[in-house]
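Asker: Sequence:
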Amino acid sequence: MFRYEPVGISTVDLQAQASFCTRCKFSHSLYSSLCYFRPCRRRSPSSLRRCTTISYFVLYTKYSSAAYQLIFPSPLGQTLVQSVSPSSVSLPLGFIAQDDTRQEIVVSFRGTSSIRADALTGIYNRNILIQAYQGTFLPLGFPSYTSVAEVVIDAVRAQVAKFPTYTLVVTGHSLGTAITALAAVDLKTAIPDATMKLYTFGQPRTGDASWAVFAESTIGVDNVHRAVHTFDGVPTMVPQVLGY
Numbered sequence: 001m002f003r004y005e006p007v008g009i010s011t012v013d014l015q016a017q018a019s020f021c022t023r024c025k026f027s028h029s030l031y032s033s034l035c036y037f038r039p040c041r042r043r044s045p046s047s048l049r050r051c052t053t054i055s056y057f058v059l060y061t062k063y064s065s066a067a068y069q070l071i072f073p074s075p076l077g078q079t080l081v082q083s084v085s086p087s088s089v090s091l092p093l094g095f096i097a098q099d100d101t102r103q104e105i106v107v108s109f110r111g112t113s114s115i116r117a118d119a120l121t122g123i124y125n126r127n128i129l130i131q132a133y134q135g136t137f138l139p140l141g142f143p144s145y146t147s148v149a150e151v152v153i154d155a156v157r158a159q160v161a162k163f164p165t166y167t168l169v170v171t172g173h174s175l176g177t178a179i180t181a182l183a184a185v186d187l188k189t190a191i192p193d194a195t196m197k198l199y200t201f202g203q204p205r206t207g208d209a210s211w212a213v214f215a216e217s218t219i220g221v222d223n224v225h226r227a228v229h230t231f232d233g234v235p236t237m238v239p240q241v242l243g244y
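For the sequence shown, position 145 (counting from the first letter as 1) is numbered 145 according to the UniProt record's numbering, and the numbering increases by one without interruption.
Some clues are possibly wrong.
DSSO-like, lysine-lysine: derived pairs with alpha carbons at most 27 angstroms apart [said to hold, decoys possible]:
| id | residue 1 | residue 2 |
| --- | --- | --- |
| 1 | Lys-62 | Lys-162 |
| 2 | Lys-197 | Lys-62 |
| 3 | Lys-162 | Lys-197 |
FYI, nobody ran anything at the bench for these hints, they're computed from the structure. It should be emphasised that the depicted structure is a prediction, and the values quoted were computed from it without experimental measurement.
Go ahead and model the full structure; you've got the sequences and the hints to work with.
Answerer: Below, the structure is given as structure tokens:
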């Protein structure tokens, strides 16, 4: 689902980025847009764009990692808006945080075994897949997401009403990205005026080709970012041969 954006960083990449960063290539090359010490010495559009893109991936993968904690008193030092959990006795699937410095509302989901169960029962039998979102088929994530959808939409809508200029960022890791993608589409549909960015890490194919087109047209193709590792099995666990 969505465009493939490999973000493996080689030694050559680091050396190239170090040529226009003023300090350590292992830190400022990744965080150039967040550098609090000095700006980049050279400001060519292509080099700054590459550094900025990588810095965003690095930042939001930290939010995705933080979602694996059992409690979220202050995700990445930011304000916790709400934990996201199907019930009061269930482990949280993620959280909603507010970053007043970057002016962002961040919704983050962890990977979850319940989505693997969805996949095992649905991928190879299209007759039992849930048909939703204008006739698209979704083998992954739908039951898990519907258990928290109302909570997420209500909480985010309230935050957007308070901070209408903030960017809404939805992110997640591994199997949790199926929920992430569904949440992003649902939130953009429910709050169409919100500025949204979607960042996923290790996302499997969440739906069929019609779903991919629908999701990209809803969120905006330039607002969708997917990073996968070449040898990670999760992104390919849903086979293309079956139409996903």
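Asker: Compare the structure with each hint and give your call.
Answerer: Here is how each hint holds up against the structure:
As the CA atoms of Lys-62 and Lys-162 are separated by approximately 25 angstroms, the hinted pair is consistent with the 27 angstroms bound. The hinted pair formed by Lys-197 and Lys-62 meets the criterion: a straight-line CA distance of about 16 angstroms does not exceed 27 angstroms. Among the hinted pairs, Lys-162 with Lys-197 is consistent with the structure: their alpha-carbon atoms are about 19 angstroms apart, no more than 27 angstroms.
Violated hints: none; the structure is consistent with every hint.
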